[in-house]
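Trainee: Position chain E against the provided structure of chain W, taking the given hints into account.
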Amino acid sequence: MAKAQPTPPGPEVEEAPAAAPTVEELLGTDDPYELVRAKDATTGAEYTTTRVAALNAGSTVLTKPARDQFGQIVPTKTVLDLRAETNPTDADADAPGNTNPQE
Amino acid sequence: MPTTVPPGFVADASLRVWVVTTIANTAAPTVAEINAGTTIDATCYLTNGFTPDAAVATISDDRLCLAQILEDKGVTTWSISELEYIFDVQNAASVSNKLYAGLPENAQVFIVARYGMNVDTAAAAGQKVDVFPSKMGPPVKLPPERNTKGRVKQKPFVNGVVQRDVALV
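One line per chain: the protein sequences are W and E, in this order.
Take 2 as the starting number for the first sequence in this note's numbering and just add one per residue.
Take -7 as the starting number for the second sequence in this note's numbering and just add one per residue.
Excised from the complex, chain W in its bound form (with noise of 0.2 Å):
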């Protein structure tokens, strides 16, 4: 007596992923040459733009004023990746820009 196959999966019906916002949409009724604060995904810096030229980049705005109390821009805020400033191996000595040579 055949086993009965178990049916094969039909094909799995993927869903279309929603089209990410536009940054018109994004924008919405905002006005987007406010200067905003905003963080960079790639390199995790703060600073200070407009909201489009935020959008544009793809970095989250954030709620944090983007002028300090004497109206001044804030300055960017760079992240150091300090593990790699404080340890550098041998193979990084003679690289270019190492500015922590071992000795």
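Hints in this document: simulated from the structure, not taken from any laboratory.
If you're wondering where the values come from, they're calculated on a predicted model, not measured in any experiment.
Where chain E lies over chain W, by a calculated footprint (3+ residues, C-beta under 8 Å): (1) 23 to 29; (2) 32 to 38; (3) 47 to 54; (4) 64 to 77.
Some chain E residues close to chain W (C-beta under 7 Å, calculated; not the full set): (5) A28; (6) A93; (7) P96; (8) Q100.
C-beta: ideal position from N, C-alpha, C; glycine also.
Mentor: Only chain E this time, still in chain W's reference frame:
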């Protein structure tokens, strides 16, 4: 021995200018920083070139014993001429407006210039670049002229130590 003529390089489309938001170490900018999403490739927006300059003061050294006044090298003031670039203010998210939107007044940026290489060549480690930390002045809209694109001019103020011929890492 015949004269050797060094070939040099063709200047056309050999300069690329990036506006970079963050550089952790200006003596060793990274390819990742140049390629970051926040970086704007300004090259194709600029309409009037890119002109950095270094004004070097002269120290006059007058000695009683000499019939000649000596001179020496004084301090250097780096500057960049006003940038002129296209914009599209009414379409804020337009690609034509990207540089205008990314350079608000007082923005602190790093202007990175790469000379001597085809403009289309991607940034890669080892390429030599100049880095100008700059604070941007106000963008000023230029009066419309016939047969031109709408442009703004904006002065970058070099407010950090300029790095010349540093290698991307």
